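With chain A held as given, fit chain B onto it using these hints.
Number of protein chains: 2
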Amino acid sequence: MDKYCFGVDLGGTTVKIGLFSIEGQLQDKWEIPTRTENHGAEILSDIAASIQSRMDTGHLSKEQVTGIGIGVPGPVLNENIVQGCVNLGWGNVRVADELSALTGMKVKAANDANVAALGEQWQGGGKGFQNLVMFTLGTGVGGGIIQNGRIISGANGAAGEIGHMVIVDSDEVVGTCGCGHRGCLEQVASATGIVNLTEKKLAECSQDSVLREISPLTAKDVLDAAKAGDALAEQAAENMMKQLGRAAAYIACVVNPDIFVIGGGVSKAGEYLIEGISRYYKDYAFHASADTKFALASLGNDAGMIGAAGMVCTL
Amino acid sequence: MDKYCFGVDLGGTTVKIGLFSIEGQLQDKWEIPTRTENHGAEILSDIAASIQSRMDTGHLSKEQVTGIGIGVPGPVLNENIVQGCVNLGWGNVRVADELSALTGMKVKAANDANVAALGEQWQGGGKGFQNLVMFTLGTGVGGGIIQNGRIISGANGAAGEIGHMVIVDSDEVVGTCGCGHRGCLEQVASATGIVNLTEKKLAECSQDSVLREISPLTAKDVLDAAKAGDALAEQAAENMMKQLGRAAAYIACVVNPDIFVIGGGVSKAGEYLIEGISRYYKDYAFHASADTKFALASLGNDAGMIGAAGMVCTL
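Chains A and B are the protein sequences, given in the same order. With this note's numbering, letter number 199 in the first sequence gets 199, and the count goes up by one each step, no holes. With this note's numbering, letter number 168 in the second sequence gets 168, and the count goes up by one each step, no holes.
So here's chain A without its partners, still in its complex pose (with noise of 0.2 Å):
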């Protein structure tokens, strides 16, 4: 009898669902809205249906789906409980138990950038090592651990936000974060930073760059336009680097990961970025781990599908 999982990507606007073989072959994916009203009462029990409908779709028995595994945007502890979602309007939910109980089967939860690492460490980008972190670095920075092919989740689910290490003087960077300090990782190295940072630059100084012309400037103007060798560009790509090589050798002498993996939309930059960023870090890395890979994310939005099925797909 043919066995399989569901991996499921929770977010603020869809919920991306997927069909796996226990082996980690996609059968099938779609969408359905992510319904917030009613502080997202409806949330759990659509997704719930929505893998009826497909079970019954396909024939499948809960006998032959081993799990279901469910990556949500919040901290979440012992793969169960979700600590708040403010984008899905969830005070603390027994995210694993409740949907356990809705479809009869097996769940686990986490966060959804740590379901994202996982998924790069099972089937991605850091695919055949186990021990993997993974830098996710959009509008801000994610981040996950991956020791052993497991998710290290930490006591408050707070694990893997290595976009809040405070790695800069607060005169370095542009304004408050999110988080409440300034000089976070994620004020350097978020796509919003690289723009911020350079927009400060270009304010500050009078020196020529192709980005003068550009407005409203994206993070991959900026980096398009550093490898394209405009010297204002490039110090703007090189300070950010060299943040991220000295945030990645810190990380190195707490978990000493096999590889690093670079996701999200500022990872588009490619090799460029690889190269930058383990350059940088050689400099700061201790020697016993100063080889250690970086490799570019390679399951886009999917990551967080797969890495919430490989959670459950060996249970």
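Derived from the structure by calculation, the hints contain no laboratory data. Bear in mind that the values here come from a model prediction, so they are computed numbers and not experimental data. Just so you know, even glycine gets a beta-carbon here, dropped at the ideal spot from N, CA and C. A hint or two may mislead.
For each label pair, taking beta carbons as the anchor points, the in silico distance ranges come out as [what the hints assert, rightly or not]:
{"no.": "1", "chain 1": "B", "residue 1": "Gln52", "chain 2": "A", "residue 2": "Ala101", "range": "27 to 35 Å"}
{"no.": "2", "chain 1": "A", "residue 1": "Arg150", "chain 2": "B", "residue 2": "Asp283", "range": "26 to 34 Å"}
{"no.": "3", "chain 1": "A", "residue 1": "Ser170", "chain 2": "B", "residue 2": "Gly270", "range": "26 to 34 Å"}
{"no.": "4", "chain 1": "A", "residue 1": "Ser206", "chain 2": "B", "residue 2": "Gly91", "range": "56 to 64 Å"}
{"no.": "5", "chain 1": "A", "residue 1": "Lys282", "chain 2": "B", "residue 2": "Gly91", "range": "19 to 27 Å"}
{"no.": "6", "chain 1": "A", "residue 1": "Ala41", "chain 2": "B", "residue 2": "Lys3", "range": "47 to 55 Å"}
{"no.": "7", "chain 1": "A", "residue 1": "Gly91", "chain 2": "B", "residue 2": "Val210", "range": "42 to 50 Å"}
{"no.": "8", "chain 1": "A", "residue 1": "Arg150", "chain 2": "B", "residue 2": "Asp291", "range": "19 to 27 Å"}
{"no.": "9", "chain 1": "B", "residue 1": "Asp28", "chain 2": "A", "residue 2": "Gln25", "range": "35 to 43 Å"}
{"no.": "10", "chain 1": "A", "residue 1": "Gly265", "chain 2": "B", "residue 2": "Thr176", "range": "34 to 42 Å"}
Just chain B, lined up with the frame of chain A:
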């Protein structure tokens, strides 16, 4: 039938061996010399003979012994292979396999700083918590990371090398760290680092200080003078505690422990140190992990032996 295990702390001069009940109660402990001559060829057979002798005396059968845990002063892969121990004259040694062959019992090996962290988590300052990070402040700065009651050793056995986070500018330290970098936490927060930085300050300024009367200066002198209100000593102590607090905040963004445990000779400064480090920690910590606890280590030099036993007590 009562069950037992052995914990072995293998140091460069002596081997500490303990006999424990499976619940972790110490029954007996003793020491044998570490014979480092001939590339340490006799070390493991000496340990095996000593354990066998204690089993003979106590009429213990192999069936009554769950296993042997051993902490070694070097990086360890897969609870087995030591990747070189300069202090012992060892290259790569399959410690667990070899000691198991010599004794006919199950053996697990780990790095000495890591087993000390496990000891403090199992029976010491971190008892009752599953997720712990230990700082050992001695001649150097060592560390150990425990998640879900297990040692995180990392890809190269270099997890927990938190003394080698390059955390300050090179002009804020004296000389070069043993690892080759300038600016490591170890150069600020080890006993050696505290003395070096205080002596530099004494030489560079003419500020009054009781420390000017003391030669040779020790870290204890500096911390005692700081507690007594000597302004120059206070500046030195505050700088050290600030960098430890910063490092702890970075570490919490990675693994989010329940508790930080502070051990090693410098930790004899006691609650003064805990208060200072945790005060600076709050300045840098991410809000979700801002309430992480800090405590003193309580097992002293027995932490390694106890943690080594802890590795096998539940085999």
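Hint check:
Remark: the range hint 27 to 35 Å for B/Gln52 to A/Ala101 is contradicted by a beta-carbon distance near 55 Å. Here the CB-CB span from A/Arg150 to B/Asp283 is close to 32 Å, well matched to the stated 26 to 34 Å. Taking the beta carbon of each, A/Ser170 and B/Gly270 are about 32 Å apart, inside 26 to 34 Å as hinted. Between A/Ser206 and B/Gly91, the C-beta spacing of about 59 Å keeps the proposed range 56 to 64 Å intact.
Checked against the hint of 19 to 27 Å, the pair A/Lys282 and B/Gly91 passes, with Cβ atoms roughly 25 Å apart. Distance hint check: the CB atoms of A/Ala41 and B/Lys3 are about 51 Å apart, consistent with the given range 47 to 55 Å. Between A/Gly91 and B/Val210 the C-beta distance comes to about 55 Å, which lies outside the given range of 42 to 50 Å. One distance hint, 19 to 27 Å for the beta-carbon pair A/Arg150 and B/Asp291, holds here, with the actual separation near 25 Å.
Range check, B/Asp28 to A/Gln25: Cβ separation about 56 Å, and the 35 to 43 Å hint is violated. For A/Gly265 and B/Thr176, the hinted distance range of 34 to 42 Å is satisfied, since their beta carbons lie about 40 Å from each other.
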